[in-house]
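Asks: Protein chains in written order, with my numbering: chain W, 8 to 435; chain B, 20 to 293.
No wet-lab data here; the hints were simulated from the structure.
One should not assume that every hint holds.
What the hints assert, rightly or not - In silico EDC-like cross-links for lysine to aspartate or glutamate, where the CA-CA straight-line distance does not exceed 20 Å:
(1) B:K146 x W:D189
(2) W:K81 x W:E69
(3) W:K251 x W:D189
(4) W:K244 x W:E178
(5) W:K79 x W:D90
(6) W:K79 x B:D231
(7) B:K146 x W:D256
(8) W:K79 x W:D100
(9) W:K240 x W:D337
(10) W:K79 x W:D108
(11) B:K60 x W:D432
(12) W:K240 x W:D223
(13) B:K228 x W:E80
(14) W:K251 x W:E180
(15) B:K99 x B:D186
(16) W:K81 x B:D231
(17) W:K244 x W:E229
(18) W:K63 x W:E74
(19) B:K141 x W:D256
(20) W:K377 x W:E292
(21) W:K141 x W:D126
(22) B:K69 x W:E421
(23) W:K141 x W:E341
(24) W:K141 x W:D337
(25) B:K60 x W:E431
(26) W:K159 x W:E178
(27) W:K185 x W:D223
To be verified - If the Cβ cut is set under 10 Å, some of the chain W residues that face chain B in the computed set are:
(28) K244
(29) N259
(30) Q270
(31) A274
(32) E407
Here a beta-carbon is modelled for each residue, glycine too, at the ideal position from N, C-alpha and C.
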Amino acid sequence: MKRKSWLIALLMAAILVVSGIPALAENTEPVTITFWNSNQGVADVMDAMAAEYHEKTGNTVEITCMESAAYKEKLAIAMASGDLPDVFQHWGDSKFFSYVDAGRCYDLTELVNESGAADVWLDTAMARCTVDGKIYSMPGLDMMVFPLCYNKDIFAQYGYTDGNVPQTLPELEALCDKLVADGYIPFALANLKMWTGGWYYSMLLDRIGGTSVIDDIVSGAEGASFESEPCLKAAQKLVEWVNKGYFPDGFNGLDHSAGDDRQLLYAGVAAMWSQPSIAQLISSENPEMLDTFDVMNMPWGEAVGVGTNAVVGSIGSNYFSINAATQHIDAAYEFLTMFGQDTYLNGLRAAKYNPPTKDYTNYVSLDIAKRILGISGEASSVQLAWDQYLPASVGSAYNEQVQALLGGTMTPEEFCATLQGLMEDAAA
Amino acid sequence: MLLVIVFFLYSIVTCFGYSFRDWNGMTAVSQAPFTYANWLKLFSDMNFWKTVPHNFTIMVGTILIEMPVSMALACFLYIKGRRAELFKIVWFIPLLMSSAAIGTLSSFLYNNYTGPIAQIVKMFGGKMPSLLGNPDYAIYVVCFTMVWQYAPFYMMYYFAGLNSISDDIYEAAIIDGATRGQYIFRCAIPIIAPTIKTALVLQIVGALKSFDMVYTMTMGGPSGSTELMATYMYKNSFVGQQMGYGSAIACMMFIIITVVSLASVRILNGKERG
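Could you put together the complete structure from these sequences and hints?
Replies: The following block contains the structure:
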């Protein structure tokens with residue numbers, strides 16, 4: 008009997024030892040991690056970073072890179088199914104908070120604090136990676152803001168030279184009226200994919216009612232509502248702009264992804280345009296025209312006055328998280344830290360991006376990029392685009408409602424009531 | 020049978036199960052509370068019910084345009100035989116392109132400032148209206164593009180049907196003094212009636228569950244004028260993170276498509292018997 012017990016004990020010990028071998032081996036053998044992102048503009052930088060990572064660690068990175076809209080869809084499906092890659096990109100938006108709530112993002116707090124990986128990044132960028140004091144992602148791609156880009160030659164025809172631009176909304180409107188009369192399109196808007204039109208309403212509301220209006224609505228402050236007077240006024244103003252011909256004919260059928268808006272800008276048909284990544288787009292698509300354009304902030308609304316100079320944008324633009332269910336946390340984190348190292352940062356800078364590092368001012372080379380950063384530096388706040396800022400179920404619907412408002416199929420009153428209804432549904 | 024259970028029945032039953040959950044698609048579905056709210060919301064959601072006529076517009080458009088066009092092309096290929104090989108290849112090309120590529124290509128084609136159609140109109144001193152940007156036209160433009168892509172499929176379908184007709188019938192008709200036109204309309208088309216019936220059902224189902232091309236072309240806009248049941252379901256499920264509600268929409272789509280398909284089969288069978 009005793010002998011039998013000894014034999015069983017020996018067998019168990021042998022099983023334990025043998026079963027431990029693969030675990031030990033797993034720690035030393037190279038692994039392959041998967042990484043999804045939507046930064047096609049810097050795909051070569053990502054590849055170089057992955058190559059360096061492979062050289063350093065022996066591990067391999069399988070990169071999946073796709074167009075931004077397609078990526079958002081793919082990520083949403085992966086989030087729903089739980090079939091996420093080891094490392095993935097997101098926008099640090101309201102959806103990121105829901106990813107964290109659902110336990111999809113690895114808590115990086117301990118790893119980041121031990122490694123000091125956060126030291127390279129601006130505090131404002133790291134703040135967007137943090138939820139309830141815990142770090143769930145790392146920056147970043149670009150210090151991205153949406154200024155108004157304008158054609159200096161066209162502005163000069165109306166006396167706006169040497170950086171002199173309209174200072175108030177009425178002054179801007181007076182200029183737009185003259186532009187329309189002379190056959191120019193004031194704003195190059197291509198709103199087929201819907202998100203581009205959302206900026207105009209958000210900016211008008213900010214300039215008409217101040218930044219607190221949307222902040223109060225999102226935070227659920229008492230009495231805050233999309234049906235309030237400033238929201239309605241902003242919607243009425245936007246409709247007025249459409250009726251006065253400030254946007255191209257059929258703007259809801261023009262596609263930003265296909266460059267329809269930039270073509271109007273480059274052809275000198277349109278005078279102004281607002282998008283993120285203006286400097287990168289012009290320098291890659293039409294570098295010889297870089298000197299033709301300058302940037303300004305949306306002018307102040309007289310009712311609110313000077314100081315309402317918030318900009319829409321994101322200090323970091325893209326953020327990277329690790330799948331909480333990854334089997335390769337060490338390998339994935341080591342890869343994540345490379346986003347704060349030279350290969351990646353210098354690659355971005357060469358492509359005219361401004362990663363949100365503490366020393367970013369040393370690396371901005373394009374004049375227009377410096378002025379864009381100047382605008383964000385002077386801004387009272389940098390607000391996420393509303394399709395990211397509003398709750399997820401409202402965000403995409405917001406863009407659709409703005410498209411309907413711009414297209415004249417919805418009145419300002421209906422627009423405000425619909426948004427308020429969506430906010431109430433989301434809160435419920 | 021196992022495949023049917025795994026890929027068909029299981030999916031449908033699961034989807035119905037999800038439709039009774041207040042689920043955002045990210046938490047464990049078992050933790051999501053049970054609710055009837057998704058179905059109650061669906062019945063009162065006018066945005067969803069507005070999408071149904073859009074699907075029916077596409078369905079009618081594809082049947083009225085796609086079927087005669089593809090039949091005409093198939094008859095041309097059938098009559099011309101080997102001499103029409105080149106046409107067969109060229110006309111088949113749209114079907115080989117992905118819907119996403121066609122969606123992107125068409126937004127360039129229909130651009131009212133810089134697109135090729137706009138340039139031609141401009142050459143003649145005209146100004147092209149916005150096709151995709153106008154809620155009154157957009158659904159028809161989408162429908163036209165879908166016909167352009169899928170007509171080759173039905174062309175080949177009908178062509179295969181025509182080719183399956185025995186040569187003896189053709190020879191007998193010609194000996195009896197029939198012209199080629201009479202042979203096509205009075206002999207060939209009635210003979211391939213079962214093929215046409217199947218193609219019609221496929222077109223109806225295809226139109227009711229359309230998604231990819233519309234999503235890449237217009238994303239359901241402008242102002243929801245091209246929003247279809249499937250795009251609305253997708254937006255709610257994956258963009259709006261309302262997976263429970265999206266599942267309810269998917270179930271309603273399943274019910275509508277099943278009812279319409281069965282009704283159309285019944286009507287077509289009835290006509291055949293009559």
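Asks: With a cut-off of 10 Å, does the beta carbon of N259 (chain W) approach a beta carbon of chain B closely enough for the hint to hold?
Replies: holds, 4 Å
Asks: Between the alpha carbons of K146 (chain B) and D256 (chain W), is the straight-line distance 20 Å or under?
Replies: Distance of about 10 Å is within 20 Å: holds.
Asks: Quickly compare the C-alpha distance for K69 (chain B) and E421 (chain W) to 20 Å and report which way the hint goes.
Replies: holds, 17 Å
Asks: Given the hinted pair K159 (chain W) and E178 (chain W), is their Cα-Cα distance within 20 Å?
Replies: OK: K159 (chain W) and E178 (chain W) at ~17 Å, within 20 Å.
Asks: Holds or violated: are the alpha carbons of K81 (chain W) and D231 (chain B) at most 20 Å from each other?
Replies: Holds - the C-alpha atoms of D231 (chain B) and K81 (chain W) are around 14 Å apart, at most 20 Å.
Asks: Between the alpha carbons of K377 (chain W) and E292 (chain W), is the straight-line distance 20 Å or under?
Replies: holds, 19 Å
Asks: Would you check the hint for K185 (chain W) and D223 (chain W), treating anything up to 20 Å between C-alpha atoms as holding?
Replies: Given pair K185 (chain W), D223 (chain W) is violated - Cα atoms ~36 Å apart, limit 20 Å.
Asks: Does E341 (chain W) sit within 20 Å of K141 (chain W), going by the straight-line distance between their CA atoms?
Replies: holds, 19 Å
Asks: Can the restraint linking K63 (chain W) and E74 (chain W) be considered satisfied, given a maximum Cα separation of 20 Å?
Replies: violated, 29 Å
Asks: Starting from K60 (chain B), check that the Cα of D432 (chain W) is at most 20 Å away, please.
Replies: holds, 11 Å
Asks: Holds or violated: K146 (chain B) with D189 (chain W), Cα cutoff 20 Å?
Replies: holds, 18 Å
Asks: Within 20 Å, alpha carbon to alpha carbon, are K99 (chain B) and D186 (chain B)?
Replies: holds, 15 Å
Checked against the numbered hints given earlier, the structure breaks hints 9, 17, 18, 27, 28 and satisfies all the rest.
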